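*Asks:* Chains as they are written, first to last, in the working numbering: chain A, 1 to 274; chain B, 1 to 366; chain C, 1 to 304.
In case anyone wonders, no lab produced these hints; they're calculated from the structure. Computed from a prediction, not measured in an experiment: that's the story for all the values here. Be a bit skeptical, because a hint or two may be false.
[Stated by the list, open to error] Heads up, incomplete: computed chain A residues facing chain B, CB under 8 Å, no partners named:
1. Ala47
2. Ala51
3. Pro52
4. Leu167
5. Glu169
6. Ala172
7. Ile173
8. Ile185
9. Pro188
10. Leu189
Every residue gets a Cβ at the ideal spot worked out from N, C-alpha and C, and that includes glycine.
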Amino acid sequence: MKPAWETRFPNWRGDLFTLALLVIVLFPFVWIIQLSFRAKADIFDSAILFAPTLENYRALWQGNFALSFVNSIISATSATALAMIVGVPAAFALSRASFRGAHRIGLWILVTRMAPPVAFTIPLFIVFRYLELHDTRTGLVIIYLTFSLAFVIWMMKPFFDAVPRELEEAAAIDGCGTWKTFLTITLPLTGPGLAATAVLCFIGAWNDFFFALILTRTHASTAPVAIVGFMQYVGWEWGRMAAAGTLVMMPVVLFSIVVRKYLVHGLAAGSIKG
Amino acid sequence: MSVVRLEGVWKRFGNVVAVREVDLQLPRGGLTVLLGPSGCGKTTTLRMIAGLESVSEGRILIADREVTHLDPKDRNIAMVFQNYALYPHKSVRENLGFGLKIRGVPAAEIESRVASASRLLGLSELLERRPKQLSGGQMQRVALGRAIVRDAEVFLLDEPLSNLDAKLRVQMREEIYKLHRRISKSMIYVTHDQVEAMTLADQIVIMRDGRVQQVGSPLEIFDRPANVYVAGFIGSPEMNLLDLRATGGTLKSRACTVQGERLRGLVEGTTLKVGIRPDHVEVLADSASASATGWLDVEVVEHLGTTTLLVGPFDDQRLRVLTGRASVRPGDRLPVRLPADRLHLFDSGTGLRIEEPSSLKKRSPG
Amino acid sequence: MVYPGAVAQPWTERRDRELVWGLVPALIMLASLTAGPIAYLWLTSLTPLNLAQPATQWNFDQPLANYASMFGDPRFANSVVVQVKLSIASVVLQLLCGLGVALLLHPNTKIRTVARSGMLVPMVLPPIVVGITWLALFTVDISPIHRLFAWIGLPFGPLLTNPSTALWAVVFAGTWQHFPFAMLMSLAALQMVPEGPIEAARIDGASRFQVFWHVRLPFIAPTLVVAGLFILIDSVKAFPLLYIMTDGGPGEVTEVTNYYVYRQVFTFSLWGYGSAIAVLMMIAVFLLSYLIDRITRRNDGAWA
């Protein structure tokens with residue numbers, strides 16, 4: 001006869017192992033957060049307990065980091081909004097249309113998604129020089145569209161595929177035109193998909209480092225680029241880097257908990273770039 | 001007085017021909033059933049009438065107006081889909097009123113038409129619910145209600161009962177029957193279920209491989225199937241179809257002979273497909289075998305309650321016989337008679353029904 | 001009932017024409033943002049472009065010079081070798097870790113359901129944050145890892161400045177960041193393995209490992225292949241971790257092709273040469289995407 005607790009948790013060995021593994025995997029994440037609350041003097045101290053301080057955050061606020069943070073918010077939000085406005089109808093059209101070439105467009109989008117960013121950066125850098133888009137948020141938004149537009153189309157199409165065609169046929173008989181049907185019937189039914197797509201698209205732009213590193217200097221530099229700035233002083237400011245890192249990752253972590261269910265699909269689409 | 005007319009309508013999907021040369025006239029106010037197995041083109045035909053599929057060739061007229069190239073919304077039709085196609089994010093009330101709202105009907109009129117349709121269908125209590133909160137039968141009613149509210153010229157129903165369980169299906173079948181009598185709308189109803197077709201239809205159109213096989217009232221089709229296919233498709237248990245040879249005014253196979261007045265005119269020596277419904281085969285009392293056509297070697301005995309189905313070799317073919325309750329056992333050998341006036345004769349080459357000599361027409365089986 | 005070609009011909013040509021209008025803006029944007037730049041990239045790769053010397057911009061005198069010079073460039077050859085090492089190690093480690101964790105988390109217990117979400121955290125973190133986190137964890141004087149190993153008597157020196165360990169330290173951090181992707185794909189595939197064959201195998205007396213090897217693995221193999229291809233493509237784009245943790249060094253031991261292009265163009269201003277290498281990378285990525293497209297088309301939707 002097994003003890004009562006063992007019948008209640010028949011998989012306790014695996015569960016225990018799972019917990020241990022989870023702690024190990026999440027350790028770097030938790031560790032960098034706690035580092036951000038350490039005073040300068042405590043950073044090299046190995047004691048687990050320390051007096052938490054907001055000194056690092058205060059320093060960030062007084063420096064230029066706030067501007068970079070705002071830049072990040074504005075450029076990621078604008079890129080997401082634009083990509084959604086243009087990409088969602090396109091995804092619907094691809095899902096419903098029977099014209100030839102739809103599959104080729106799909107493959108093109110996949111390639112765009114997969115292409116190394118440097119391949120777009122070289123030509124766009126030169127073009128931006130002429131258009132004076134260097135170190136501007138507009139320039140950033142434009143270059144973010146190279147991946148977010150393709151991502152939105154790629155992500156939304158299956159959601160539209162899942163809406164039964166009969167609903168649109170019923171609406172056609174009821175008197176709706178093609179795009180009115182889209183707005184009144186199809187779009188409301190893909191609500192969760194829209195939300196997940198927007199969130200993942202935002203995360204993709206928010207997480208960008210490469211484009212912002214190359215195309216911005218001071219005015220439009222984003223939060224991830226600003227963090228790198230802290231590495232350039234002698235005796236790196238670990239506390240400030242950790243605090244900035246924590247600020248940058250918090251929205252992303254919160255958002256992804258919200259759209260957890262759709263991560264599988266979204267990540268296959270590679271919205272989160274490495 | 002046809003409300004819908006199809007003239008030489010074809011539908012091709014690439015190289016596949018889904019519907020070939022269909023001519024139909026559907027009477028106003030009647031319920032026409034398009035009946036056939038999956039892939040016979042019945043749903044495609046319905047969708048072409050609705051305007052959801054383009055017509056490859058031919059013309060479609062609704063209320064004497066050509067609609068072949070019109071949009072679905074301009075054809076004055078309403079459709080009930082197999083999966084109901086209720087808008088999941090709209091309440092029952094909004095689902096019912098959507099078609100009117102889109103057409104700019106004033107709110108007060110929408111209100112009153114929704115109210116009367118929902119009274120008719122017993123939906124008044126459910127108007128604020130979402131489709132998800134409805135049972136299958138209720139969803140079915142809302143789908144019907146959406147058509148009623150629109151008051152369209154023709155109602156198109158695409159296998160409307162196939163998503164319901166068996167018991168509910170019978171119940172909804174009766175409701176559709178009563179509804180049709182009450183609102184006397186022209187309806188076109190697609191199904192693969194012959195019982196639905198027989199019970200509901202004023203007119204049945206049987207289709208196969210994209211072609212119309214026969215058009216007629218349920219009993220016409222049952223009594224005078226136009227070809228071997230229809231004969232085998234309609235009726236349960238299935239009609240027996242035997243290969244017999246016309247010989248000296250009788251029909252013969254190796255060890256059986258059917259005699260009868262009406263067989264005299266047959267061309268000597270031709271082989272015919274001879275159909276007879278299982279309940280028309282007579283099992284003779286033992287040894288009274290003088291009038292017997294042949295012998296049935298019983299292999300399978302199915303007790304169906306009121307009736308008994310006997311199946312087994314009959315000469316070198318197979319025969320199904322439906323009798324009343326009988327204490328027959330597998331292995332028994334029974335004398336049976338195929339009454340000549342119950343036979344359906346078909347050309348074994350073309351499969352078409354052989355029309356009988358005029359003198360015998362009045363004695364048609366049934 | 002199923003009617004042939006049901007995919008898309010409702011009220012037909014007109015609707016198709018209306019749908020095209022939804023596609024046009026996206027196509028124009030995609031063309032100007034991707035096709036245009038790629039064409040420009042290709043043109044640039046045929047010139048010795050140097051932004052300091054404007055005359056070099058449209059100089060097509062020796063169109064294949066950049067491509068030819070790749071062959072005589074040991075640093076390029078080195079970058080390819082580093083790339084291959086990084087890619088193979090990433091694919092193998094991420095698949096193994098992802099599949100292993102997926103097998104652990106596959107049973108539905110409360111703790112494991114929660115853990116499935118928790119494990120995703122590394123994947124969504126901004127790469128830059130992953131970079132500084134691991135840079136800190138590989139820095140001897142603040143890292144608890146170094147302290148732990150020193151405490152148990154196995155101290156080791158800085159990994160990132162040691163040429164023989166730097167690349168593997170970066171791969172390690174990358175695996176931490178990306179293994180949840182392989183885990184998610186494996187979990188999704190495992191959930192679709194039918195119970196029937198598994199139970200049949202158990203009744204036949206197969207051990208746990210045999211059930212995995214003979215029933216589960218063959219079933220999820222196509223998904224793993226696709227996941228592997230995705231990881232491979234991502235590894236070709238590796239940049240932020242390298243930038244933060246090693247800057248391609250020490251020497252050139254962590255300088256992958258992508259990083260080499262970045263250096264050539266944005267440090268040495270060799271735009272033409274960098275473009276030529278980028279063109280080759282595009283071709284490689286195109287071939288891999290095509291492969292993914294073919295495979296997923298065959299096992300429709302198995303992974304998405």
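*Asks:* All hints, please: hold or fail.
*Replies:* The hints, checked one at a time:
1. Ala47: 56 Å, violated
2. Ala51: 53 Å, violated
3. Pro52: At 47 Å from the nearest chain B Cβ, Pro52/A fails the 8 Å test, so the hint is violated.
4. Leu167: The hint holds - Leu167/A has a Cβ within 8 Å of chain B, the shortest such distance being about 5 Å.
5. Glu169: Given a least distance of 5 Å, the restraint on Glu169/A holds.
6. Ala172: Holds - the Cβ of Ala172/A comes within 8 Å of chain B, reaching about 5 Å at its closest.
7. Ile173: Where the cut-off is 8 Å and the nearest Cβ of chain B is about 5 Å from Ile173/A, the hint holds.
8. Ile185: Constraint on Ile185/A satisfied, holds at 6 Å.
9. Pro188: It holds, given that the least Cβ distance between Pro188/A and chain B is near 5 Å, below 8 Å.
10. Leu189: 6 Å, holds
Checked against the numbered hints above, the structure violates hints 1, 2, 3; every other hint is satisfied.
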